[in-house]
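Enquirer: Let chain A serve as the given structure and place chain B on it in line with the hints.
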Amino acid sequence: MSRNHRTPLKNTDNLVEVKSKFEAEYRRFALKRSNGGFEEFYKLLQTVHRIPGVDLLLGYADVHGDLLPINNDDNFHKAVTSANPLLRIIITRRDEDEPIVFATNSLQRNKKKVLPGLRPAPQKSSKQQLTIGMPRDFRQISSIIDVDILPETHRRVRLHKHGTNKPLGFYIRDGVSVRVTPQGVEKLPGVFISRLVRGGLAESTGLLAVNDEILEVNGINVAGKSLDQVTDMMVANSHNLIVTVKPANQRNNVVHRGSKASLAGGGGGARSADSGGSTVSQDSAPSPTSQTVSQYSNSNSVAEGDSDDDGDLIIESDSLPVYTPHRSLLPNGNSGSHDNGDNGNNGPATLPRTHRPIPQSVSLPSNSSLSDSKASLSSLTTPTHNGSRSPSKTSSSQESMREDGNFITL
Amino acid sequence: MMKFRFRRQGNDPQREKIKQELFAFNKTVEHGFPNQPSALAYDPKLQLMAIGTKSGAIKVYGAPGVEFTGLHKDTATVTQIHFLYGQGRILSLLDDNSLHLWEINLKDGYSHLEEIHSYTLPGRPGIESTSATRVTVLLLKLSCELLCVGTEGGGVHFLELPGLTLLDKSLLQEEVLQSVPEDYKHGKSLGPVESLQEHPRLQDKILIGYSRGLVLLWDMDTRHADNVFLGKQLESLVWERSASTFVSSHSDGGYMVWPVSSDAPCTTQPATATIPYGPFPCKAVNKILWRTTESGAPLVLFSGGMPRASYGDRHCLTILQDSTHVTLDFTSRVIDFFTIHCIDPQKEFDDPTAVVVLLEEELVVIDLLTPGWPTVPSPYLAPLHSSAITCSCHTSNVPTRLWERIVSAGLQQQGQQQTHVSWPICGGKSLAPEPKQKELLLTGHEDGTVRFWDASGVSLRPLYKLSTANVFQTDCEHNDSLTQAGEEEWPPFRKVGCFDPYSDDPRLGIQKICLCKYSGKLVVAGTAGQVMVMNLSEEKSEHMVDVATVDLLQDREGFTWKGHDRLPPKTGPVVFAPGYQPTVLAQCMPPAAVTAVTLHAEWNLIAFGTSHGFGLFDYHRRSPVLARCTLHPNDSLAMEGPLSRVKSLKKSLRQSFRRIRKSRVSGKKRMVVNSPASKVQEANAHLAEQDDIAPVQRRIEPRSADDSLSGVVRCLCFADTYLRDGTHHGPTMWAGTNSGSVYAYALEVPPQERFSEQSVEALLGKEIQLMHRAPVVSIAVLDGRGNPLPEPYEVSRDLAKAPDMQGSHSVLIASEEQFKVFMLPKVSAKTKFKLTAHEGCRVRKVALANFGSTASDDYAENGLVCLTNLGDIHVFSVPALRPQVRYDCIRKEDISGIASCVFTKTGQGFYLISPSEYERFSLSARVITEPLCQVEVDRPHDSATLSDPTTAPPHANGTHKKTTGELKSLAEAEVDELQHALHSTALDSPNSSADLTLDTTGELTVEDVKDFLVTVDEAENNRRNITEEDGRPPGILIN
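Chains as they are written, first to last, in my numbering: chain A, 29 to 438; chain B, 469 to 1507.
Incorrect hints may have been included.
Using 30 Å as the maximum straight-line C-alpha spacing, the simulated DSS-like pairs for lysine-lysine come out as follows [stated by the list, open to error]:
| no. | chain 1 | residue 1 | chain 2 | residue 2 |
| --- | --- | --- | --- | --- |
| 1 | B | 485 | B | 575 |
| 2 | A | 47 | B | 1478 |
| 3 | B | 963 | B | 609 |
| 4 | B | 485 | A | 49 |
| 5 | A | 47 | B | 1294 |
| 6 | B | 1294 | B | 522 |
| 7 | B | 609 | A | 194 |
| 8 | B | 485 | A | 189 |
Selected chain B positions facing chain A (in silico; Cβ < 7 Å) [unchecked claim]:
| no. | residue |
| --- | --- |
| 9 | 668 |
| 10 | 1285 |
| 11 | 1304 |
| 12 | 1308 |
Don't read these hints as lab results, they were simulated from the structure.
Just so you know, even glycine gets a beta-carbon here, dropped at the ideal spot from N, CA and C.
So that you can see chain A by itself, here it is in the shape it has in the complex (with noise of 0.2 Å):
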């Protein structure tokens, strides 16, 4: 995509009230709408601070009260097109050792825990070697979470409804349960999936399929609960919900495999675009991290209404989580420094970083750019669709993601 492949927008001799920060000076001019794209907008910066030649990295506060990057045109016009009428830049040296976090309310929320009673990432830093993106500039829609603790059997499920306006997107109805006890087969009541609607944050994360059975919402058991209650709690936790559900395809949930366990022992989440679908590692000591979860990732979506537990599973490459940015904008010194136990964990980026050129940029994480970064995220990915991801790009990711836990799809 060429820099000015999206020029903004309607009232292009319209003002916007720039008010930057870089670390405790401020400056406020006025910045035409039109003029340029990130890489003027980055001189300017640097000009009106007064701090050329200082490497920077730069955020603006968008109207849900997120800290989000800019660093490339189609952000940098998003900024400027959300501005309304004050754009709020902090501007970071790129070289801080603690980086800005960019997250879905960042600007708000403190660092405090996920949740008190589940495990808190620990504060490593782990020295990134390999330049991939940075994770952070990605809004957290899911995760796997507690994957030390629970059986085998159960996969517990964060749902970020945060910032998108994506629905959650799914049903959920009673049926029975079966389980195996010293007395035999018990059938108890149990509240199932039913349905995924297509296109919501259920579907799209991919981990919540069809018919699994819902054990927990937010910690809690929802055995005795009608199913009107249950939705209750998930209404009302929808906004950080957590399902710890038992799949219904049990065939991808645990492999053991070697490989996976050193690199989890590190505390370092890695994740990999991973053909098998989801690898646990089950660490016979297990680390206090969240560990290692590789899940069939971004996006492998069950088909839609398929009730079918076999998890043929069918990559649909929409809404994939590649964010690149533009390398030479971001000098990646020290991008994946360390994770700070931050609400999020933000979980590292879906892809191995690319080759810098590339044709298109798709960022954005914001909701309004969602259909175009599915466009061209789908030509931009196209081996790795309908299937694993090429195994060189999975090992070098595996390799080069050092972070905790979780992992992130848009």
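Expert: Then chain B, alone, in the frame of chain A:
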């Protein structure tokens, strides 16, 4: 392994003890009229009355406050009840043909009703249908040692009492037929036993009446029929006191008087035969009573007998004496009736004093001593549902002055129709301590009336009835009762009773009530958006009601109200009787039902809300202060009014049909399949079932802003608190909507003396959007100590301690999903409890209550009481919002019960268990209103089978008096509580916080708080400070 989030810590024993002293759940008493009564009995010796119901309950009533309830194990209809006179024993017959014996026994100093025996008549071998032994009538001999049982097969069996053992001297039809003349037999059966009556003088003779018309005077000793009477199809029999005659009533609507003499063993002709409402065909006379009077002519009372064609649908009881003839015309079916008369066998006459009529929906007592036979007001069994209850409101600790004024208004109201002879049913004595405070329960009804009930004690007594219908022009005017009496001469109908379920106009229905107990001001709001401010006046008044229209839509475009019209107010002056008289009518436009109302009499302000918005109205100046639309642009449902939700109705109908079909299918399945036809049927059924199997699904989606009816205003509240800044407090108004929005207004209220010239100003202070968007159920402001703010006038009249204005105030916002406490004025979240997320239940009703401790008179805690959609009640500490106790209270299927629940400020509550009955419950260990009473029974000696020692002491000794101090008045409790609060921080002490390790502060969801009061510059500054200095403000979103 799976439990990862909330672990209960070991409970602190000390705190557990305090909790036990504070909280206790008891269902104490049922107020109102039993639902679906089916049987009635009276014990003239103990002066107790018993009512049986279709659900198998027996309720015994004596003097006001004397009440017992017993419930049969099976929920079968109680078809008959009989007292064993004077013994405190009750015999009941159920629909399933079982007999049960109940006893009133003393336990812990108070009488209780308990079942001690039951008995089912064995089916006779060789007779296929058990209906032959189906019991039709019971006769308890006066001696109380023998029970005669008449059956459908025509046999009479004898049981020994109180052991309920069958004696071997049953009288079967064959034996009876021997004494019947040949020509009467015709080989036909005599039919079921229709009536059994004991001879008033001779103990061993009974009168047996068979359905076909044969009546025998049977001598049980000699087993011989003394007299035989051949009559018509029989309904009932009654002896005349002297036993020289008896009266029979018949299915043709007539009654006959038969002479009894030993000369003629067989009588075929009665002395007199009358069909009172003839000559055209009449309905049966179901029951007749014949009472002699000293003054002369006997009093005849009978039910039914109305001319079939013209008045066959009326429910009537006729009272005849000489030339006086009154046909009492009731609005519901007559179940049974009895007279209260002299039972002393030495006296020559019955001399009835009153007749008690049990109707399906109410109890009516007619005073027979006062000329004109007026009704006697009932101290209990009030027909709450005389028009359907639409809302209720409870006021505790009503000041004596207001109480007396309401009582006197009520007395004037009923003055014309009712006598004030004392209540004739006055057995037993109530030992419950005199209530320390007056409690008022107000019920709003569908017909536009508000009824005031005395809820201080065990019996809910009607005080006053306020009608709002006369303010409006309605379709039907209330003049039919007068004209009707004039135009109809025969039968001489007289309308009696107050059960009147038919509403003239559904728009008159009362939706919300708010009473200021200190000023006596009352606000009543209804279905058509009418909000009336009422004043209590001792004088009759004729005045115009000021009308002010408040447009809640404001300038919203594109909405058209498709619901009902407003009620047109009457144009001229209207005469208002002494009592509550409307002064101002504020009419919401569009005239949707009022969903919230509140009143601040000190500021002369009322606030009201509908599904479209809310308004603030100055009733002193009669001017609207504020109107605010809360509609979401996408909300179309709000505009359609209440009657046009066709779609959902259709859907629910479809669903219920499906359910019915399904249940039928599953029923069929159990049948033995033997014919091919049924096989096919079953296959079909199977298919149908599979068809239906598309299971119930629930969509999981967060609430969005455009959910329908999101603009409904759910609660309103006035408070004197800090909204602008932390140093200046002032009047505020808060409104919460269905979509989780809260609006807070700062009010500019002029000082009292300048009310007339200066107008009230309202300024939007804060707008809070709760993240989870659940409906806001309640808002309350807490003072610096975490106590709820006192009511208007309480402080200025020295009735309550002034709230703590030093510490920072906070606002408690209860939504359907969670409770949150925000600090004021910044509206920063302090604590919260996510009820739905934790428990999977949703809040239906909340209230703040003060719980006194049983251990110490001056210890009390505030609690947030919450009723959920599952029917359980939770109590939370305030303001820490820690769960304290949880009780199951209402079945979760009982939606109307849950919807009708109302809490008192002392930790009690009421909910409807049927359309006509409130169940009263208590959550407080200290404040309990329950029937404590004693009945002195006189049991000759308990037979060996009854070895219950507690039946022995017949005398009430005074040692069981409950200390009167236990029921503390609210005022005292409040003072105590305040005193306590001064030197204690118990609410936040580790004691109270030990129960659950819930993380209440760590995870505050972000709310959108818009601040309007701060100037723009300031706001900008704040914003700068917040966003740029620390980057993450606590729970405030920056625009």
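Enquirer: Now tell me, hint by hint, if it's right for this structure.
Expert: How the hints compare with the structure:
no.	hint	in the structure
1	B/485 - B/575	holds, 27 Å
2	A/47 - B/1478	holds, 22 Å
3	B/963 - B/609	violated, 37 Å
4	B/485 - A/49	violated, 57 Å
5	A/47 - B/1294	holds, 26 Å
6	B/1294 - B/522	violated, 57 Å
7	B/609 - A/194	violated, 79 Å
8	B/485 - A/189	violated, 43 Å
9	668	violated, 61 Å
10	1285	holds, 5 Å
11	1304	holds, 4 Å
12	1308	holds, 3 Å
In summary, the structure is inconsistent with hints 3, 4, 6, 7, 8 and 9 from the numbered list given earlier, while agreeing with the others.
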